[in-house]
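Q: Just need the whole structure built from these sequences, with the hints factored in.
If you read the sequences in order, they're chains G and X. Take 94 as the starting number for the first sequence in my numbering and just add one per residue. Take 94 as the starting number for the second sequence in my numbering and just add one per residue.
FYI, nobody ran anything at the bench for these hints, they're computed from the structure. Computed from a predicted structure; not experimentally measured. Hints are not guaranteed to be accurate.
For identical chains, the list gives no copy identity; a pair is met inside one copy or between any two copies.
[Stated by the list, open to error] As a list, the in silico EDC-like pairs of lysine to aspartate or glutamate whose alpha-carbon atoms are at most 16 Å apart: (1) Lys430 x Glu179; (2) Lys362 x Glu463; (3) Lys460 x Glu494; (4) Lys120 x Glu494; (5) Lys194 x Asp133; (6) Lys295 x Glu157; (7) Lys194 x Glu218; (8) Lys303 x Asp450; (9) Lys378 x Asp469; (10) Lys160 x Glu452.
2 protein chains.
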Amino acid sequence: MSSETGEHSGVTVPKGWRAAGISCGIKKNGATDLALIVSDSPATAAGVFTTNLVKGAPVRVTKEHLKSSTVRGVVVNSGNSNVMTEHGVRDATRMAEAAAKVIGADCRQLLVASTGVIGTPLPIEKIESAMPQLAGALAYTGGGAAARAIMTTDLAPKEAEASVMIGKTRIRVGGCAKGSGMIHPNMATMLAFVTMDVAVSKRALAALVKRVNEATFAKITVDGDTSTSDMLILMANGAAGAPAITTPSGSRFESLAAAVGSVCERLAKMVVRDGEGATKFVTVKVTGARSGDDARRCAMSIAKSNLVKTALFGEDPNWGRALAAAGYSGARFDPMKTSLALCGVPVFVRGRLNRPDWESTVAPKMKAREVTIQLDLGAGKASAEVWTCDLSYDYVRINAEYRS
Amino acid sequence: MSSETGEHSGVTVPKGWRAAGISCGIKKNGATDLALIVSDSPATAAGVFTTNLVKGAPVRVTKEHLKSSTVRGVVVNSGNSNVMTEHGVRDATRMAEAAAKVIGADCRQLLVASTGVIGTPLPIEKIESAMPQLAGALAYTGGGAAARAIMTTDLAPKEAEASVMIGKTRIRVGGCAKGSGMIHPNMATMLAFVTMDVAVSKRALAALVKRVNEATFAKITVDGDTSTSDMLILMANGAAGAPAITTPSGSRFESLAAAVGSVCERLAKMVVRDGEGATKFVTVKVTGARSGDDARRCAMSIAKSNLVKTALFGEDPNWGRALAAAGYSGARFDPMKTSLALCGVPVFVRGRLNRPDWESTVAPKMKAREVTIQLDLGAGKASAEVWTCDLSYDYVRINAEYRS
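A: See below:
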């Protein structure tokens, strides 16, 4: 999945997509911090965005540019989120303009994203000066470089690919994402860009991005903090020559949805695995809820609880904390009708401890890197699943030292 | 405030109140874990309780016993919360019975509380066996011993006292509290017991406990986890001989409310100062909100944000995280009309950074033990204040190792 060796990976796996990532001097440590993902031909695009009232300027500009009939790509910087700055919208627009100029496109065909510290003016001159170099670095093997250039506290770049037959033609989907702190959906999670070489109408793509987001990125939480900058963007250029997908239904749309969903699910899980300081990947499953909303509320409450997350870090099967988090979630249930399993071992069934030896059975399983908490509320038939990570010393260290 | 030396402190400052704290063997380390607070004469009582759906058995039993016209006191154990256990209500009732027997009261005149691990059967025999010894230890200087015996991860006992003239008689109010993790109101915060030697009708006391709770314990959050066990109990025995307070209004009621409020505010702030792993006491003030609900929602969102709390631990004036937490709180405002001050230094005013040198002015102030975040939403006239602490390595350590 790496392009260190010049392999195709991530967003450059679909035909007709090039990408690049370079350093323009925003990050103090000299790491790459400017990425460009470009289609050779005009592409349709759709996105979902943070629901935070405090929105980054790039979110505003990208929403506006998505009104264009086609786009050519997206330009992204890391190290500065361009949020709550005096000339934020002007700077985000200048960033799109500079990228458009070097690839010969219209400014409104460039989407723009930024991630990093809030409230510091974007060094737009550095970005503008670096643009010719960025364009020169564009390559059909550049997916990995772009994936690395959008990282902030991420420990590893995040890329995923899938392919599927549309008619008699194999089409490809590729994506990259960044994010490891300030991760909580609604939608807000992080930055994720997904390219594809099938032609998809704007209407079908808009339906697809909503559906895929709900099934993937909306299920993850690292710390419950909804970011100001985040977006998931799908872009489709038709370069594979398969029949165009024009409506958000039918077997071709469903095939594409499965491929895009697979890419996004893997990216979303990578974000959680790389959660700041995470030592464990945690799946919280709630079943038997009275409504889907109750199920989701309850699963999120457990996944967000600092007490649950620190117990998981300590490999302590402290199920009482999970039940307490369910109890204050707002979901309606009778605690004495609930059943809970940790790592597949029933701890209690309908309100009664299962066996005196449950703890010795569960304890070794808590040491695994992947753990599950399953709670049946005994109140109905709805269910929900959430992916999260534990809360470790390193989460505190990373976030206490973030700006130093 | 300590009773090591046999001084009057906490719940035994008002006349006619005795207390004791001993070890009955619930805590593995041999620390005291059983407390009794008793009035010589029948007292009125009122309480507020956790809103968690998963409630400890003692909460159920105490709510039931509060229907009695008078009580004689409260028996409390630490080290085991008696939540989600098979015979929880039976055990909590046996605990009240055992205490009632040794002081010569009716079972329904004893309130009962437990705090500690969830889901482990209460060792009721140990508690029953220790009861004669506990009664023997009752003393008019026992407030401190009781305050220590209800501690779990608390680093220090928490006691406060106040006095006020009612008519021509000075009456006294004393309280103790425990709590340092799983602290979040709604009401749920912790255990707090407040005694007084003025006579107060049940109706007036019920109004008083609600009002005082909203003004004090409902303002604190340590980790956003609402406990299953918590309660604030007021008990009034009339031993000072002042005129009885029979209605929840009038100057005598207001005088008493001020004294009880003062005790509870100090106890609530002690709980935050002793928040698990806390290194700082943080006041979050939100002004200019469209409604009280918006103000409170916004203040709580900032106070609960792990990103804000880790930045405070790192002494980093990362105001963007506070604003982001306001943005996803659900409060209605325009980010460009907001103003934010850290430790009294305006960082930005109506959406614009105040001065380029704000950071050098603020940075040294962030090193203090008490810090404030003030956010004016520029949207209305409502305000709210919340007290919280930072999130440190020690919070993670304490909660990862809690049961080991």
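Q: Are the hints correct? Go through all of them and say.
A: Going down the list of hints, with the structure as the test:
no. : hint            : in the structure
1   : Lys430 x Glu179 : between (55 Å within a copy, 13 Å between copies)
2   : Lys362 x Glu463 : within (12 Å within a copy, 39 Å between copies)
3   : Lys460 x Glu494 : between (28 Å within a copy, 14 Å between copies)
4   : Lys120 x Glu494 : within (15 Å within a copy, 37 Å between copies)
5   : Lys194 x Asp133 : within (14 Å within a copy, 86 Å between copies)
6   : Lys295 x Glu157 : within (15 Å within a copy, 62 Å between copies)
7   : Lys194 x Glu218 : within (15 Å within a copy, 81 Å between copies)
8   : Lys303 x Asp450 : neither (45 Å within a copy, 43 Å between copies)
9   : Lys378 x Asp469 : within (8 Å within a copy, 39 Å between copies)
10  : Lys160 x Glu452 : neither (56 Å within a copy, 39 Å between copies)
This entry does not satisfy hints 8, 10, going by the numbered hints stated previously.
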